[in-house]
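Residue numbers (the numbering used here), protein chains in the order written: chain G, 1 to 465; chain A, 1 to 112.
Because the hints were derived from the structure by calculation, they are not lab data.
Heads up, some of the hints might be wrong.
Unchecked claim - Result set (EDC-like, lysine to aspartate or glutamate): computed pairs, CA atoms no more than 16 Å apart in a straight line: (1) A:Lys83 to G:Asp281; (2) A:Lys84 to G:Asp252; (3) A:Lys84 to A:Glu40; (4) A:Lys84 to G:Asp289; (5) G:Lys44 to G:Asp97; (6) G:Lys411 to G:Glu343; (7) G:Lys450 to G:Asp435; (8) A:Lys84 to G:Asp435; (9) G:Lys169 to G:Glu15; (10) A:Lys84 to G:Asp61; (11) G:Lys180 to G:Asp97; (12) A:Lys96 to G:Asp266; (13) A:Lys84 to G:Glu287; (14) G:Lys57 to G:Asp46; (15) A:Lys42 to A:Glu90; (16) A:Lys83 to G:Asp349; (17) A:Lys83 to G:Glu287; (18) A:Lys6 to A:Glu71.
Spelled out from the first residue to the last, the chains are:
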Amino acid sequence: MIAVLNTSCHCVWAEAIGGPPWSLLPIANRPLVDYWLEMCSDLKLDLVQVMLGEDAKQVEDYIGDGKRWNLRIEYAFARTGEAPCDYLCSIRTRWSDGLLYFGYPFFIRRRQAFRIEGLNGLRPTCYRIDHDPVFIFARGKDEADALLLGEAGSHSGLESVHAQPWIIKDIHSYYDLNMKMVAGEFTRYTTAGFSSGDRSSVGYNVHTPPSSHLQAPILIADDCRFGPMTTVGPNAVVANHVIVDSNSELIDCLVLSDTYIGRNLDIHGKIVAGNRVISPDDGTVIEIDDSWLVARNRPQMRAEDIVRCTILWFVALAVVLIQLIPFWVIYPLVRISRIARFERLTFHDPRTGYIRLPILCKRRNVRSPLFSAFKALSLDRFPLLVLVVRGRLFLCGQPPMRHPEDDEMIKQLPEYYPGVFCYQDYNKESDRLVDSLWYAHIRSLYEDLKILAKSLLSRFLRGGR
Amino acid sequence: MIDCTKQDGIGVVRVGGAMTAATVDSFREQLADWQEREPEVKNFVVDLESVDFMDSAGLGTLIAALKRISERGGDMKIACLQKKPRMVFEITRAHKVFEIYNSTEDAVRAFA
């Protein structure tokens, strides 16, 4: 028996979500095609042919060689204008031992009584949408021929093995399916490594500070971060690489991968995909171009970052040149008065692991106008600015993390940009971790210049305090 | 950006276009000008029928306006909120701060 997974069909409703192709859209945090491949594996099929369309690369990257499912994968590109039936007929010789076909977003929803062994008793079955087949199961050539020609096959084949055919024909049925899964059905599909005692499932590397309020049933995937006092669940599916800021509530919702959810938001009965908020009831989509609300998490490094760093390198050079003479005049006086001196302390470094940075340490607890002036002019940052010019630090960014004191914090930062100036320079109340995550998300030339200007001004006005 | 009229002693503010960081300054200034010209008007209805998008700056401006009007002993209601701005109101919980009506007439009547 051969399986043909057709990922090339056009699916209008999935376009509203943006991002991944419909075959990779998550259902309870697993791509749809993963369920298809799992069924192929359950049926002990050997060969699976994947038909690729416009989003071929993403699909191919995900499925790869199929070894994860113990399957052999062949790829074929769908021809423009060729109907699925025509394609299947053109490879008739290949399915002499039977055919399993998936096309269009089709999900086999398992009922409570479903058993994998039951698939062995599945009768020839065909489900169609607008005359095109979306699911075919036939054990022999004749059966498959009959189904493709439109001859009567079983239309309740899946029902007889305690499964329900679920054609995801619009955004509402997609949302509805996810909510059904998170409400408890996902336990029928769980694979090793998931715990479902209280109908909740939490992936790896999920950071949940003590005040977060997680209420089952929920599904939370890897690398999620919740700020304090965040309420998640019931009935929330939160996918990979999602950051949820403080005091937000996620209830009856589906949050797709790489999404940032801002502070104090109430995501209730919505699908959030990056910067898109979608109402599953009527399919209304809004793209929010406002990173304080919802946004797509920033990728690791982009061309914009390179431009930003280049411009800021020149800004750093200018600041170094301005500070050069004041530093060489005032610092010797500070050293002679034995009030403070630079000491090399170990910090984390994104490239080399560790770096020893010169940090001004006060030696005597006395008030000194000289020391105040030194700090007010931010001359204590001069050696660090020189390191920026040498390409070892960023001008603005996250606060450099100490080693070993901040080892735990550095593990929670997917992106680490140690900067000479950071939010803490002008906001002493700031939470280092939250601000670091926020910076990684919002970083831009404007943000860096804002941090620089506010830090220099704030330090000057505080007069070194 | 805005068109202010008086209806039964209530200030009706009709807003056009998107309410974003780029447009809120104009909204704020025009509303403040009109409030200065009509100091006896305490209560306001903001008609958002023509507003197709709103961001956090737009919301912040509406909340600031509500605060300012409340300080003067008045109230502000929202009318004709469209689908997309309504979703922003929902996710930011702003719909719990404002009284929202389907039409300007309903909002004006609510002051009676």
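* Asked: For this structure, which hints from the list above don't hold up?
  -> 2, 3, 6, 8, 10, 11, 14, 15, 16 and 18
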